[in-house]
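> Sequence:
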Amino acid sequence: MDFFQKMRQWRKKSISAPILRAFQKVMPPMSATEKEAIEAGTVWWDAELFSGRPDWQKLMRHPAPVLSAEEQSFMDNEVEQACAMVDDWQVSTRDFDLSPETWQYIREKRFLGMIIPKQYGGLGFSAFAHSEVIAKLSSRNSALAVSVMVPNSLGPGELLLHYGTAEQKDHYLPRLASGQEIPAFALTSPWAGSDAAAIPDSATVCKGTWEGKEVLGMRVNWDKRYITLAPVCTLLGLAFRLYDPDGLLGDKKDIGITCALVPANHPGVKTGRRHFPLNAMFMNGPTRGKDVFMPLSFIIGGPDMAGQGWRMLMECLATGRAISLPSANVGISQLSIRTVGAYCRIRKQFNLSIGHFEGIETVLSRMAAHTYASNAVRMLTASAIDIGEKPSVISSIAKCHVTERSRQTINDAMDIIGGKGICLGPSNFMGRAYQQLPIGITVEGANILTRSLIIFGQGAIRCHPYILKEMEAAQETDFSVALEKFDALLWRHIGFGCRNGLRTFFSSLLGSRLLRLNSGCAPETRLYLKQISRLSSALAFMSDITLLSLG
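Here the numbering used here runs 620 ahead of the position in the sequence shown, where the first position is 1.
Don't read these hints as lab results, they were simulated from the structure. If you're wondering where the values come from, they're calculated on a predicted model, not measured in any experiment. Idealized CB from N, CA, C, for every residue including glycine. One or more hints might be untrue.
Label-pair distances were calculated between CB atoms; the ranges are [what the hints assert, rightly or not]:
| id | residue 1 | residue 2 | range |
| --- | --- | --- | --- |
| 1 | Glu728 | Ser1128 | 22 to 32 Å |
| 2 | Ile1081 | Gly1038 | 26 to 36 Å |
| 3 | Asp790 | Ala988 | 44 to 54 Å |
Below are the DMTMM-like pairs computed for lysine to aspartate or glutamate, each with C-alpha atoms no more than 25 Å apart in a straight line [as the list claims (entries may be wrong)]:
| id | residue 1 | residue 2 |
| --- | --- | --- |
| 4 | Lys968 | Asp874 |
| 5 | Lys968 | Glu981 |
| 6 | Lys910 | Asp874 |
| 7 | Lys756 | Asp1006 |
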């Protein structure tokens, strides 16, 4: 055995083994649900940011998104017509809903089936086109945007496309695309909060009567709240935990979280009083049921997909989070900067347009910067989905930061227009946006949770080149096998951290100008890319320090 082999054996025994034992003690066992949540979606450009040395060519090679001729025509005609049919003041103060003519129009023009392929009667639009439509509708009326957004986001349509049986797809997708069925998906429980995996809603496998025959099914109990489109839906998606105490499906008693589709008029399905989320007029309300019998064929994907609901939800949620809220909030921000910018030109004080005052210019420029950055994030995230990615971390970054920047933009807009934004009325173009902005901050993972638990928690594990592999190695039951894997990963990790630490120190001390970039980067962007590269090194280094010191 040569010197280096002896040193490696000594290293494993004296250094790596004690660290592994300590790591195994402090690392809690990972449940299947937690593992599915961490591994949900794909890792894309976010991994480059955690590498400390982003490969900018990988980003530059990504094509800029463009609309097809069909998608552009839809934007220029159907979307414009839908916006023209809606009067925000009429919807908000008199009708408390979209008009019957508007509902009929968005059904006929297949707004509710943008993500459904043409083979099932949908529009088959790209994620970018979907995003463009939502942004435009959001600038007109929140009820219009949400009524179109939800059926094309996480819900029956998305889940059926990826996991439904052929029979379920053939039956439901054409009906969803044409608007014959209006979907809603009931996940949120008043008792689970942001921890959706802890939903108390449950079902028990049993036998019962369905369509005059005794079949194997389940009795489901649920109490859901804040479910968008629940008051008007005809097809309800449900998430619940399925149990099989009698072993009718196998040896497993706790099968796990399961997703099912149930007609809204199914016996036992109850819809409660409508909610009014900050006086937004999109349909939202509770749904509940007690001992409601359903055949196993109601499970999305059939009985074989029983217990796979959490994985299904986590993988599809990344897509919905990447499109819906970023697009809606970008639309509101674009409305804010355009209307307030125009207002600043025509509103005069002291014989001068207020847009010429330094204080107003400062706020306007901040609004423009936030809107520009948010729109760039929206476009990049949507285009990532179009190339087949399911970017769970990037979609969370988009949701959190776009909604936060939208909040700042709307607050700035209200500061500029002053009293004009205070009294609600047909001419108040910012009041409702200001009133309803906390909705985007709160839903699909409140921003406090998203920032700490998903962006950093999941991001640090998924995007780091070694953390997840080290966790998997530590869970090996054979200590010798675990040590062999852990040792190799640990020392690569240490080298990775040292390199990032040195790069962070010297680039901070001497300036990011000394950092090297890939060839081919546009000259006008090189300074900014170098600054981001320096921050990437600092992020990777400090993340390692944080994980080492805090666990």
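> None of the hints should be skipped; say for each whether it holds.
Each hint, compared with the structure:
no.: 1; hint: Glu728 with Ser1128: 22 to 32 Å; result: 59 Å, violated
no.: 2; hint: Ile1081 with Gly1038: 26 to 36 Å; result: 47 Å, violated
no.: 3; hint: Asp790 with Ala988: 44 to 54 Å; result: 48 Å, holds
no.: 4; hint: Lys968 with Asp874; result: 68 Å, violated
no.: 5; hint: Lys968 with Glu981; result: 14 Å, holds
no.: 6; hint: Lys910 with Asp874; result: 20 Å, holds
no.: 7; hint: Lys756 with Asp1006; result: 20 Å, holds
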